[in-house]
Amino acid sequence: MAAAAPAKLNRKDFVADQDVRWCPGCGDYSILANVQKIMPELGVPRENIVFISGIGCSSRFPYYMNTYGFHTIHGRAPAFATGAKIANPELSVWVVTGDGDGLSIGGNHLLHTIRRNLDIQILLFNNRVYGLTKGQYSPTSELGMQTKSSPQGSIDHPIDPISFALGCGATFVARTIDVDAPHMQDVLRRAHQHKGTSFVEILQNCPVFNDGTFAEVEDRKTRAEAALVLEEGKPLVFGSTGNLRGIVMRGGSAEIIELSDRDDPIERGVVIHHERHVSPSYAQTLATLRRPEFPLPVGVIREVEKPCYESMLDEQVASAIAKQGRGDLRKLLHSGDTWTVD
Amino acid sequence: MSIGTKEVREIEHVAIRFAGDSGDGMQLTGSKFTDETALAGNDLSTYPDFPAEIRAPAGTMAGVSGYQIHFSSRDIHTPSDTVDLLIAFNPAALRGNVEDVRPQGTIFINSDAFNQKALTRAGYSDDPRMDLARRFKLIEIPVTTLNREALQGLSLSQREVDRSRNFFALGVLCWMYGRPMEATERWLTSKFKGDVLEGNIRSLRAGFAFGETTELFPISYSIQPAKFEPGVYRNITGNLALAWGIVAAGRQMDRSVFLGAYPITPASDVLHEVSRLRQFGVKTFQAEDEIAAASSTLGAAFAGHLAITISSGPGFILKQEALGLAVMVELPMVAIDVQRAGPSTGSPTKTEQGDLLAALFGRHSQSPIPVLAPCTPGDCFHTVIEAFQIAVKYMTPVIVLSEGYLANSAEPWLIPDVDSLRRSKIDFAKADPNREPGSFEPYRRDPDTLARPWAIPGTPGLEHRIGGLTKEDVTGNVVYGPENHQRMVDLRAEKIARIADDIPPVQVDGPERGELLVIGWGGTLGPITAAVEESREAGIAVSQVHLRHLNPFPANLGEVLGRFRRILCPELNEGQLAMLLRSRFLLNVQSFSKIAGQPFKVWEIRERIEAIMKEDV
Numbered sequence: 001m002a003a004a005a006p007a008k009l010n011r012k013d014f015v016a017d018q019d020v021r022w023c024p025g026c027g028d029y030s031i032l033a034n035v036q037k038i039m040p041e042l043g044v045p046r047e048n049i050v051f052i053s054g055i056g057c058s059s060r061f062p063y064y065m066n067t068y069g070f071h072t073i074h075g076r077a078p079a080f081a082t083g084a085k086i087a088n089p090e091l092s093v094w095v096v097t098g099d100g101d102g103l104s105i106g107g108n109h110l111l112h113t114i115r116r117n118l119d120i121q122i123l124l125f126n127n128r129v130y131g132l133t134k135g136q137y138s139p140t141s142e143l144g145m146q147t148k149s150s151p152q153g154s155i156d157h158p159i160d161p162i163s164f165a166l167g168c169g170a171t172f173v174a175r176t177i178d179v180d181a182p183h184m185q186d187v188l189r190r191a192h193q194h195k196g197t198s199f200v201e202i203l204q205n206c207p208v209f210n211d212g213t214f215a216e217v218e219d220r221k222t223r224a225e226a227a228l229v230l231e232e233g234k235p236l237v238f239g240s241t242g243n244l245r246g247i248v249m250r251g252g253s254a255e256i257i258e259l260s261d262r263d264d265p266i267e268r269g270v271v272i273h274h275e276r277h278v279s280p281s282y283a284q285t286l287a288t289l290r291r292p293e294f295p296l297p298v299g300v301i302r303e304v305e306k307p308c309y310e311s312m313l314d315e316q317v318a319s320a321i322a323k324q325g326r327g328d329l330r331k332l333l334h335s336g337d338t339w340t341v342d
Numbered sequence: 343m344s345i346g347t348k349e350v351r352e353i354e355h356v357a358i359r360f361a362g363d364s365g366d367g368m369q370l371t372g373s374k375f376t377d378e379t380a381l382a383g384n385d386l387s388t389y390p391d392f393p394a395e396i397r398a399p400a401g402t403m404a405g406v407s408g409y410q411i412h413f414s415s416r417d418i419h420t421p422s423d424t425v426d427l428l429i430a431f432n433p434a435a436l437r438g439n440v441e442d443v444r445p446q447g448t449i450f451i452n453s454d455a456f457n458q459k460a461l462t463r464a465g466y467s468d469d470p471r472m473d474l475a476r477r478f479k480l481i482e483i484p485v486t487t488l489n490r491e492a493l494q495g496l497s498l499s500q501r502e503v504d505r506s507r508n509f510f511a512l513g514v515l516c517w518m519y520g521r522p523m524e525a526t527e528r529w530l531t532s533k534f535k536g537d538v539l540e541g542n543i544r545s546l547r548a549g550f551a552f553g554e555t556t557e558l559f560p561i562s563y564s565i566q567p568a569k570f571e572p573g574v575y576r577n578i579t580g581n582l583a584l585a586w587g588i589v590a591a592g593r594q595m596d597r598s599v600f601l602g603a604y605p606i607t608p609a610s611d612v613l614h615e616v617s618r619l620r621q622f623g624v625k626t627f628q629a630e631d632e633i634a635a636a637s638s639t640l641g642a643a644f645a646g647h648l649a650i651t652i653s654s655g656p657g658f659i660l661k662q663e664a665l666g667l668a669v670m671v672e673l674p675m676v677a678i679d680v681q682r683a684g685p686s687t688g689s690p691t692k693t694e695q696g697d698l699l700a701a702l703f704g705r706h707s708q709s710p711i712p713v714l715a716p717c718t719p720g721d722c723f724h725t726v727i728e729a730f731q732i733a734v735k736y737m738t739p740v741i742v743l744s745e746g747y748l749a750n751s752a753e754p755w756l757i758p759d760v761d762s763l764r765r766s767k768i769d770f771a772k773a774d775p776n777r778e779p780g781s782f783e784p785y786r787r788d789p790d791t792l793a794r795p796w797a798i799p800g801t802p803g804l805e806h807r808i809g810g811l812t813k814e815d816v817t818g819n820v821v822y823g824p825e826n827h828q829r830m831v832d833l834r835a836e837k838i839a840r841i842a843d844d845i846p847p848v849q850v851d852g853p854e855r856g857e858l859l860v861i862g863w864g865g866t867l868g869p870i871t872a873a874v875e876e877s878r879e880a881g882i883a884v885s886q887v888h889l890r891h892l893n894p895f896p897a898n899l900g901e902v903l904g905r906f907r908r909i910l911c912p913e914l915n916e917g918q919l920a921m922l923l924r925s926r927f928l929l930n931v932q933s934f935s936k937i938a939g940q941p942f943k944v945w946e947i948r949e950r951i952e953a954i955m956k957e958d959v
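Chains as they are written, first to last, in the working numbering: chain E, 1 to 342; chain U, 343 to 959.
Treat the hints loosely; a few may be bogus.
Computed Cβ-Cβ distance ranges for the label pairs, DEER-style [stated by the list, open to error]:
(1) S781(U) <-> L132(E): 26 to 36 Å
(2) A318(E) <-> R765(U): 17 to 27 Å
(3) E916(U) <-> Q152(E): 40 to 50 Å
(4) L660(U) <-> A318(E): 44 to 54 Å
(5) D468(U) <-> R115(E): 53 to 63 Å
(6) R115(E) <-> K569(U): 48 to 58 Å
(7) D631(U) <-> E267(E): 45 to 55 Å
(8) G325(E) <-> E527(U): 45 to 55 Å
(9) P853(U) <-> G325(E): 14 to 24 Å
(10) N826(U) <-> A318(E): 16 to 26 Å
(11) E778(U) <-> G233(E): 42 to 52 Å
(12) A883(U) <-> G325(E): 51 to 61 Å
(13) L660(U) <-> K148(E): 23 to 33 Å
Keep in mind the hints are simulated off the structure, nothing from the lab.
Values in this document were obtained by computation on a predicted structure and should not be read as measured data.
Ideal Cβ positions, reconstructed from N, Cα and C, are used throughout, including at glycine.
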C-alpha cells in the first residue's frame with residue numbers, strides 16, 4: 001500500500017481552503033480533524049479519495065476536505081457513492097451522512113448499499129436531532145423528546161443505527177465518539193482496511209439543538225461507567241477499579257454482574273468479544289445494550305467477509321468478455337435475421 | 343413449399359391483427375410473422391397492444407392481447423387504421439377487436455373456442471356469428487381440434503398440445519401470404535427440443551397444409567417486395583434500438599457505459615438487453631428504486647463514465663431531483679423516459695406523449711435540460727448516441743423522450759455502417775503543470791460551448807468539490823451573492839440555448855411556404871406523414887415539419903413557422919408542444935390532441951387537415 005502513495009502528505013494537505021461553517025462547539029469539528037489526521041496514513045493517493053454526502057449539517061463535510069467531493073441530494077449519498085464506486089473501483093469512497101439523512105429520507109438507500117457490500121466507508125454522524133432545519137426530532141431521537149415539531153413529545157419509536165446496519169447484513173459495524181480522538185482514529189483506520197461496506201456510527205454532540213445527548217459517554221469522568229469499550233478477544237468489562245462489572249449472557253439476554261478486583265472475568269462467565277462470529281446474533285445482542293440499563297458499546301462490533309458488489313460486477317464483465325470476446329458492434333447489429341436489398 | 347394450384351392474387355398491402363388471451367402467444371405469433379414478412383422484403387409497421395396484467399382470467403376482455411402488422415409492397419408509415427384480417431382466438435378477442443376490421447374485411451375465428459360459456463365470459467348475450475357474417479367475411483376454423491389431430495402420437499399433455507395452436511394459425515397465414523417459414527422453424531429449433539419442438543413444427547406445417555387444401559380459402563395473396571434503399575436490413579423495435587444505441591455510444595466515445603435503472607413498463611426491456619451485453623464493458627445496475635437509479639447514474643458520471651438511466655413516466659418523475667443536481671453540478675448524463683399513458687400509474691402498456699412539459703419544466707427553479715425525441719423505432723438508436731454527444735460536449739444532463747408505441751413497434755431498419763457513425767473523443771481535464779497545485783477552477787468554461795471541464799476523481803492535482811449549493815462562477819466555491827446567482831442562472835440557460843446552433847435546422851417536407859404546416863414531434867411521425875401524403879393526393883397543399891429536438895428548438899424553427907398561414911400540431915397530449923410554440927413564437931398554432939392510450943389513426947389527422955383548410959384565417 002505504502003508504495004502506491006505519492007510524496008508524503010500530512011493532515012494539512014487534506015484541509016480545503018474553505019471556511020468551516022458549523023456552529024461553535026459542534027462535534028463535527030472534531031470528526032473532521034480526525035478524518036483529516038488519518039488520511040495521510042491510509043496509503044491512498046489523494047486524487048483517489050472521494051467524499052460523498054447528502055444534505056444536513058454533517059453533509060457539508062466534503063467541502064472541507066481537500067479531496068474529490070460531491071455534496072449531493074438529501075438521503076441519496078449512498079446511491080451516488082454506489083455509482084462512483086462501480087464506475088471506478090480504485091476510488092476510496094467515503095459517505096458522510098447523519099441520522100436524518102441516512103436513516104429517515106435515505107433509509108432505503110442505506111439499507112441496499114450496505115447489503116450490496118460495496119467496498120466503501122459510511123460515516124453516520126448521530127446527534128439524535130435535525131440540525132440544519134433547526135431542531136426537529138430525528139429517527140434516532142428518544143421517545144418523548146420535545147422539539148418544535150413535537151411540542152408534546154416525540155411519539156416515534158427511535159431506530160438504532162447499529163441494529164439497522166446489522167439487520168442489513170453489514171460486514172463491518174462500529175461505533176465511536178466525536179470527542180474520543182484516538183478511539184475514532186482507530187475505528188476509521190479499521191473501517192478503511194475492511195474490504196466491504198464499513199458502517200461507522202459516530203456519536204456526535206449538537207450543542208445548539210440537542211446539547212448533551214451523549215454526555216455520559218462523552219464526558220471523561222463518566223465514560224468508564226457509561227461506555228463498554230470493545231476489544232477483540234477481551235471480556236466485556238466496564239467501570240472503574242473498585243467498581244468493575246461484566247456482561248454475561250443468560251437465557252439469550254445480556255445481564256450485568258459485579259466483579260471484584262481479584263475476579264478473573266472469564267472464569268466468572270463474562271462474554272469475550274469476538275468481531276467475527278458467523279451469526280450476527282451476538283452483535284445484535286451488543287446493539288441492544290443501551291443507556292441507562294447498560295453501558296453503550298463502542299468499538300468494532302462486527303467484521304466479517306463477503307464478496308463486494310463492484311468486484312462481482314467486474315468479474316461478470318470480464319467473464320462475458322472471456323466467453324464471448326470483446327463486444328463487436330457490427331456483429332451485434334447484424335445478429336439474428338437480416339436481409340439484403342440490392 | 344409450393345403454393346399449390348389455387349389462384350394467387352397480387353395485392354399492394356394488407357393489415358392483419360392477431361388477437362387472443364394474453365397466454366395464447368399472440369405477441370410471439372405476431373413477431374414471428376413480422377420476421378417472416380421482413381425477410382420477404384415488404385415494408386412493414388407493427389403495433390403490439392397488450393394488457394398490463396400478466397395473465398388476466400382466461401377468456402375475459404381484460405386479458406385480450408393483440409398484435410397488428412401492416413405490410414406492403416410500397417413505403418408505409420403506420421400499422422394501419424383498420425385491419426383487413428382479424429384472427430380471433432376466442433370470443434373476447436373477437437369482441438374487443440371486431441370494430442377495427444374494415445367493412446367486408448375477413449375474420450378468422452377459432453370455432454372450437456366459441457361455446458356458450460366463453461361467449462358469456464366475453465360479455466356476449468347472444469352468439470354474434472350470424473350477425474357478423476353479414477358485415478364481414480367470417481371464416482370458422484376449428485384450430486384446437488385440427489391442431490390436436492396434427493400432434494397425435496407425441497408425448498405431450500393436452501395443455502402442451504394446445505399451447506402450440508398459435509403456430510397452426512401462423513402456418514395458415516404463411517400459406518395465405520406466401521411467407522417463408524424457415525426463419526420461424528430456425529427459431530423454434532433454437533428454442534425448443536424433443537417433442538415440444540416437433541409439436542410446434544408440426545403445428546406450423548399443419549396450418550400451412552390446411553391453407554393449401556381447405557376449400558375455405560380459394561385464393562392466396564402475393565405482396566411484392568417493397569423498394570428499399572440498398573443495404574442490409576433487420577427488424578428493430580424502439581427498445582432494442584435504445585439498448586444498442588447505449589452500447590454504441592460507449593464505442594463511439596471510447597468510454598465505458600454505466601446504466602442505472604429500476605424495472606418499469608415499458609422501459610425494462612432496455613435494461614434486460616443491455617444487461618445481456620456486458621461483453622461490451624457496459625455496467626448495468628438494478629437499483630433499489632428510481633431515485634437511486636438516477637443518483638447512481640450521476641455518481642458514475644462524476645467518476646467519469648458515460649452514464650445513463652432509463653424509466654417511464656412515474657419513474658422518470660422520481661429522477662427529477664437528481665436531474666436538477668446534474669444541472670447544478672453540470673455533469674453529463676442521459677435520462678430516457680419511455681412515455682406511457684398517465685397520470686400516476688395510468689395505463690402502463692399504452693402510449694402517450696404526455697411528459698414533454700415535465701421533461702422541460704418538471705424540476706424546481708430554472709433548470710434547463712436539452713430534450714430529444716426519436717421519431718421511429720430505428721431512430722432511437724441514433725438519438726441515444728446524439729444525446730450522449732450533446733451531454734459530454736456541453737456538460738449537461740440530456741433527456742430522451744421515447745414512447746410506448748416506439749418501444750414495442752417494429753420496423754425494417756437499414757443497419758448503419760458502424761464506421762460511418764460519428765466518433766468523438768472525450769477530453770477529460772488534466773492538471774496544468776504551469777499552475778500552482780490546488781488552483782483548479784472547476785467552473786471555468788469553454789468560451790464557445792460554455793461547458794465546464796470534466797475533471798474526474800483519480801486525476802492528480804484536480805481535487806475539487808461540487809454539490810447542489812449555488813456555486814461561484816469559475817471557482818465553484820459555495821456562495822450566496824445575488825450577482826453571482828443571476829450570472830450562473832444566465833450562464834446555464836445560455837449554454838443550453840447555444841446547442842441550437844449545433845443541431846440540424848428543420849427541413850420542410852413539401853412547399854417551403856404556404857397555407858398549412860403540420861408540425862409534430864417524436865413517435866407520431868408515421869401517422870402524420872401518412873395523413874399529409876394522403877391529403878396531398880387529395881389536392882391539398884400541405885407541408886410537414888417533424889421535430890427531434892425539443893429543447894432547444896432548431897435555430898430556424900421560428901422563421902420556418904412564420905412562412906405558413908395555418909399551423910396544425912397533432913400530439914398525444916393536450917397540446918404541450920403547441921403551447922411551447924405559441925409562447926415562444928407568438929403564432930396561432932392549432933393543437934390537435936388525442937389521449938386515448940393509442941397512436942393517431944391516419945384518418946383522424948387527415949380529417950383535421952381538411953377541416954382546418956376550410957376555416958378562415
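Consistency of the hints with the structure:
1. The hinted range of 26 to 36 Å is satisfied by S781(U) and L132(E), whose Cβ atoms lie roughly 31 Å apart.
2. A hinted range of 17 to 27 Å for the beta carbons of A318(E) and R765(U) is consistent with their spacing of about 25 Å.
3. The given range of 40 to 50 Å is respected by E916(U) and Q152(E), whose C-beta atoms sit roughly 47 Å from each other.
4. Under the hint 44 to 54 Å, the C-beta atoms of L660(U) and A318(E), about 33 Å apart, miss the expected range.
5. Against the hinted window of 53 to 63 Å, the Cβ-Cβ separation of D468(U) and R115(E) comes to about 58 Å, which satisfies the hint.
6. Range check, R115(E) to K569(U): Cβ separation about 57 Å, and the 48 to 58 Å hint holds.
7. Restraint check, D631(U) to E267(E): a C-beta distance of roughly 52 Å satisfies the suggested window 45 to 55 Å.
8. The hinted window of 45 to 55 Å between G325(E) and E527(U) is violated, with their beta carbons roughly 28 Å apart.
9. Distance hint check: the CB atoms of P853(U) and G325(E) are about 52 Å apart, inconsistent with the given range 14 to 24 Å.
10. The beta-carbon spacing between N826(U) and A318(E), approximately 47 Å, falls outside the hinted interval of 16 to 26 Å.
11. Distance hint check: the CB atoms of E778(U) and G233(E) are about 50 Å apart, consistent with the given range 42 to 52 Å.
12. Checked against the given bound of 51 to 61 Å, the beta carbons of A883(U) and G325(E), roughly 55 Å apart, stay inside it.
13. A hinted range of 23 to 33 Å holds for the C-beta pair L660(U) and K148(E), which are about 29 Å apart.
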